[in-house]
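Enquirer: For the protein sequence lines, the chains are A and B, in the order given.
Letter by letter, the first sequence follows residues 0 to 525 in numbering that gives the first Met the number 0.
Letter by letter, the second sequence follows residues 0 to 525 in numbering that gives the first Met the number 0.
Since the hints were derived computationally from the structure, they do not count as laboratory data.
Certain hints may be false.
Said to hold, decoys possible - Only some residues are given here: those of chain B computed to face chain A with a beta carbon under 10 Å:
| no. | residue |
| --- | --- |
| 1 | Ile119 |
| 2 | Tyr184 |
| 3 | Ser436 |
| 4 | Thr512 |
What the hints assert, rightly or not - Pairs of lysine-lysine residues, derived as DSS-like cross-links and limited to a Cα-Cα distance of at most 25 Å, are as follows:
| no. | chain 1 | residue 1 | chain 2 | residue 2 |
| --- | --- | --- | --- | --- |
| 5 | A | Lys498 | B | Lys498 |
| 6 | B | Lys279 | B | Lys25 |
| 7 | A | Lys279 | B | Lys516 |
| 8 | B | Lys279 | A | Lys516 |
| 9 | A | Lys279 | A | Lys25 |
Values in this document were obtained by computation on a predicted structure and should not be read as measured data.
For each residue, glycine too, the CB sits at the ideal point set by N, CA and C.
Number of protein chains: 2
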Amino acid sequence: MSKKNILFVMADQLRADYLSCYGHPKLQTPAMDWLASRGVRFDRAYVQATVCGPSRMSYYTGRYMSSHGSTFNGVPLRVGEMTIGDHLRPLGLRTALVGKTHMAADIEGMRRLGVAPNSIEGVLASQCGFEPYERDDGLWPDQVVPEDLPYNRYLRSLGYNVENPWHDYANAGRDEAGDVQSGWYLRNAGLAAEVKEEHSETAYMTDRAMDFMREAGDEPWCLHLSYIKPHWPYIAPAPYHDMYSADDVIDAVRDPSERENPHPVLGAYMQHEESLNFAKDEVRRLVIPAYMGLIRQVDDHLARLWRFMEEHGLFENTLIVVTSDHGDYLGDHWLGEKEMFHEQSVRVPMIVYDPDAAADATRGTSSDLLVAAIDLAPSFVEFAGGTPPDHILEGQSLLRLTRAQGAIAPEEWRSAVVSECDYAFRGARLQLGTEPSRSRAYMVRTERWKYIYFEGYRPQLFDLVEDPDELVDRGEDPTLEPVRELLRERLFDWIRTRKMRVTISDAEVERRTDNHKQRGFYFGVW
Amino acid sequence: MSKKNILFVMADQLRADYLSCYGHPKLQTPAMDWLASRGVRFDRAYVQATVCGPSRMSYYTGRYMSSHGSTFNGVPLRVGEMTIGDHLRPLGLRTALVGKTHMAADIEGMRRLGVAPNSIEGVLASQCGFEPYERDDGLWPDQVVPEDLPYNRYLRSLGYNVENPWHDYANAGRDEAGDVQSGWYLRNAGLAAEVKEEHSETAYMTDRAMDFMREAGDEPWCLHLSYIKPHWPYIAPAPYHDMYSADDVIDAVRDPSERENPHPVLGAYMQHEESLNFAKDEVRRLVIPAYMGLIRQVDDHLARLWRFMEEHGLFENTLIVVTSDHGDYLGDHWLGEKEMFHEQSVRVPMIVYDPDAAADATRGTSSDLLVAAIDLAPSFVEFAGGTPPDHILEGQSLLRLTRAQGAIAPEEWRSAVVSECDYAFRGARLQLGTEPSRSRAYMVRTERWKYIYFEGYRPQLFDLVEDPDELVDRGEDPTLEPVRELLRERLFDWIRTRKMRVTISDAEVERRTDNHKQRGFYFGVW
Chain A
0 MSKKNILFVM ADQLRADYLS CYGHPKLQTP AMDWLASRGV RFDRAYVQAT
50 VCGPSRMSYY TGRYMSSHGS TFNGVPLRVG EMTIGDHLRP LGLRTALVGK
100 THMAADIEGM RRLGVAPNSI EGVLASQCGF EPYERDDGLW PDQVVPEDLP
150 YNRYLRSLGY NVENPWHDYA NAGRDEAGDV QSGWYLRNAG LAAEVKEEHS
200 ETAYMTDRAM DFMREAGDEP WCLHLSYIKP HWPYIAPAPY HDMYSADDVI
250 DAVRDPSERE NPHPVLGAYM QHEESLNFAK DEVRRLVIPA YMGLIRQVDD
300 HLARLWRFME EHGLFENTLI VVTSDHGDYL GDHWLGEKEM FHEQSVRVPM
350 IVYDPDAAAD ATRGTSSDLL VAAIDLAPSF VEFAGGTPPD HILEGQSLLR
400 LTRAQGAIAP EEWRSAVVSE CDYAFRGARL QLGTEPSRSR AYMVRTERWK
450 YIYFEGYRPQ LFDLVEDPDE LVDRGEDPTL EPVRELLRER LFDWIRTRKM
500 RVTISDAEVE RRTDNHKQRG FYFGVW
Chain B
0 MSKKNILFVM ADQLRADYLS CYGHPKLQTP AMDWLASRGV RFDRAYVQAT
50 VCGPSRMSYY TGRYMSSHGS TFNGVPLRVG EMTIGDHLRP LGLRTALVGK
100 THMAADIEGM RRLGVAPNSI EGVLASQCGF EPYERDDGLW PDQVVPEDLP
150 YNRYLRSLGY NVENPWHDYA NAGRDEAGDV QSGWYLRNAG LAAEVKEEHS
200 ETAYMTDRAM DFMREAGDEP WCLHLSYIKP HWPYIAPAPY HDMYSADDVI
250 DAVRDPSERE NPHPVLGAYM QHEESLNFAK DEVRRLVIPA YMGLIRQVDD
300 HLARLWRFME EHGLFENTLI VVTSDHGDYL GDHWLGEKEM FHEQSVRVPM
350 IVYDPDAAAD ATRGTSSDLL VAAIDLAPSF VEFAGGTPPD HILEGQSLLR
400 LTRAQGAIAP EEWRSAVVSE CDYAFRGARL QLGTEPSRSR AYMVRTERWK
450 YIYFEGYRPQ LFDLVEDPDE LVDRGEDPTL EPVRELLRER LFDWIRTRKM
500 RVTISDAEVE RRTDNHKQRG FYFGVW
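Chain A on its own, in the form it takes in the complex (with noise of 0.2 Å):
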């Protein structure tokens, strides 16, 4: 297996429990199931940040977002911040996307060090260091659409000949009076697109992934597809948009209690609009289904795309990866979107087919060891033959999981997976009167446990064994201080040795330690 590529699949808000693998009662992802039969299927994997654009951050730098500081959605992640590309390119591997990053390019930092944006140093700057096959984070209403987008190109070629045929094809549907509506309301969710569904995005994206494979021929490479649903608009194209019914939605995982006295920050997110309207039934019937229809239609395509990798041979020596940058609360906990730290939010499905010979003991087993989407940029290095540069990485190879010879236990591997979540450009921070640079949270989650520290503001407790729901917070039983105090202690432990010295590894520290009279410089010698 002299090639090794990588094929790195990320879908956008896509919810653990919704792969029928993962334990969906009515969804099937027979794709993804498939992927899972092959591999790992890890039932504990967390993101490190629960909104698109840091967890993307995380997964594509291998870093925690207090260590990469893209806190949120449109906030650039520095210039000089490694990502991937920057490691895996050294290493021989083409690194490319297709679909979408969230990256916000760090322009006032590029012009500093007079970097052009349309050199190739500056594309990869701007790209969070993949070359951009097909670049596309989805989302685009009219004011923020570019006169060149490749897909709204794509479909006026097909005759959706429009200014944004996104907006009013991909984004749209028709009601029974015939008349458009727009796929942003969630009260057209049952709507069908307008889009035919072989030139919908996801369609589209699957295309452009295997445009890539053919090109790429036998370069090794790294591909990032990365589809931009299920994420909202909650609209699909037929016969996705009706392939489920209200009938098929698991129940609302909450109880009112949780909307009694709640934690000031989770009580500020229950008012956000999203949350008001998830926490209603009927919004969550017609939702759903929509959400459900846009996984299976991913599920499809995925199978699409076994089939062309499986014509090409590619399962011999391609490593493929199938994720989330986050979850979907869709009323759970009384919330809609992400961002806390509930398991439907944070939560993600992760399952790794390794081609090695040497995953085979594990080919088809699952794992409920914690693992984190900071642990993916390590285990493609190691795929990649590299060694993972361990004073910038803060992830852990999950190749060491896949390859095992036999059970690995707890205590071998991490105790405890850290999120963040900075609130800061959210009504929920306005509300509560909190500063921009104070409004922050981090998750610790152990195997029973789920410590929840917020910034100004009281924690949050679960005991995930007695409460798997989470629906009790025990983050003011007096009985269990003694928990939150060692739960906070690891989340001491844990900011302290973020990984900042990225500049020089350990291994060229040790070759520098006590090594000053050799290079000529004597301090202290009578």
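For chain A, the structure is supplied; the task is to place chain B on it using the hints.
Expert: The following block gives chain B in isolation, referenced to the frame of chain A:
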């Protein structure tokens, strides 16, 4: 006062208590004292790291060591990390260097971004944001001296005709037998350096500073005049080599009890060669007079500089700071060099002359508020007419203190300063068997207490009111557990609130908060 300049003078390894205005009984520093008489003398000024490189990077970036990531000498400052020059240049100040910065360029990072080292941006990125009017870090053993070191060219032009005149003249003396002896060895500290005083590094750098001021003319500037001395090698040219004698040496601040069962990290440092040597009185009695001579020499050249500036009317429009990057144990606490957190190491002189009439009320006063090296960057930005970017800079402008019209109470200012140490590169780490990524320590110094948190070891605690000499480590005193608990909490607070979201200001966050609908993004809307 339309033209505004900044003169940022740093002496290297200059202990605060070796200035007469800070109370040295024998050493007179009239030029620094005179500046203090016209400005504010800060009696509790602390560096953010206790070794040259990281301390300077904190001065130059206005950020803590854990934020800028350059944790020791020779650890490159990551490309893109903003410095004083990046903040001042847009305000119209030519920002230049004469002397030492200890900057290591992030060559790898620049290469990744395609920044040519000899482009303007490449030079600035390599020189910590300073125009290198004269860059010279001092310390030039033959192994590392560049062929074209300007100071060596200068010496050769004066007839010091050897390959490395720094080594043979500036860092060498002649013993009674007429043999040349190396300044690297402490035993030669009493000899006069072979270089003539007027050709010494201190004289030369002062000349170069005046060259710069002449050349800059009416253009506003910030000049970092960064003396190489009184840092070791401890060898001074005549007449400074014997201006002070063993009788002028102040007693060592140390107690035999400090060596009995010391803190493990301190104990390891006490085994360093420089500590073992400075523990001997004969070493102190020979070396400290040379150290004092080097300081007096810097002071005499500052007097020359003040005269020059007076003649050129520069006191009317120039903010002047005199400080140091850290102190020098000189045998106190049985230690040599610096790095640990006793006052001799972490406290520095800090004299700020603010030419503005608003500062007239504070001229000649002293302040015992807790100030920090990182306070200079925002002070400079404010002085130059800018607004300190408080999502990047972690200090507070001192102009609030120089321009105070009445006393500022401690509770209106910061209540603790933090400093950091990474001893990964030092022999102590090998002796302790600590990993390079875990050999860290943090100091939290409040009005009364100094708490030091060591990774993997017990803390230290000093009561600066009861024990101002820091002879009794209360790190294990059970009665002080609540104090340590509080200070530990302060450290946790500090480390959580470091500024990593450097690409977007708080004001910009405010503008963007909850504005998704204005930008056309509708989510959660029914």
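Enquirer: Each hint needs a verdict: does it hold in this structure or not?
Expert: A quick look at each hint next to the structure:
{"no.": "1", "hint": "Ile119", "in the structure": "holds, 7 Å"}
{"no.": "2", "hint": "Tyr184", "in the structure": "holds, 6 Å"}
{"no.": "3", "hint": "Ser436", "in the structure": "holds, 6 Å"}
{"no.": "4", "hint": "Thr512", "in the structure": "holds, 5 Å"}
{"no.": "5", "hint": "Lys498/A <-> Lys498/B", "in the structure": "holds, 15 Å"}
{"no.": "6", "hint": "Lys279/B <-> Lys25/B", "in the structure": "holds, 21 Å"}
{"no.": "7", "hint": "Lys279/A <-> Lys516/B", "in the structure": "holds, 22 Å"}
{"no.": "8", "hint": "Lys279/B <-> Lys516/A", "in the structure": "holds, 22 Å"}
{"no.": "9", "hint": "Lys279/A <-> Lys25/A", "in the structure": "holds, 21 Å"}
Hint check: no violations occur; every hint is consistent with the structure.
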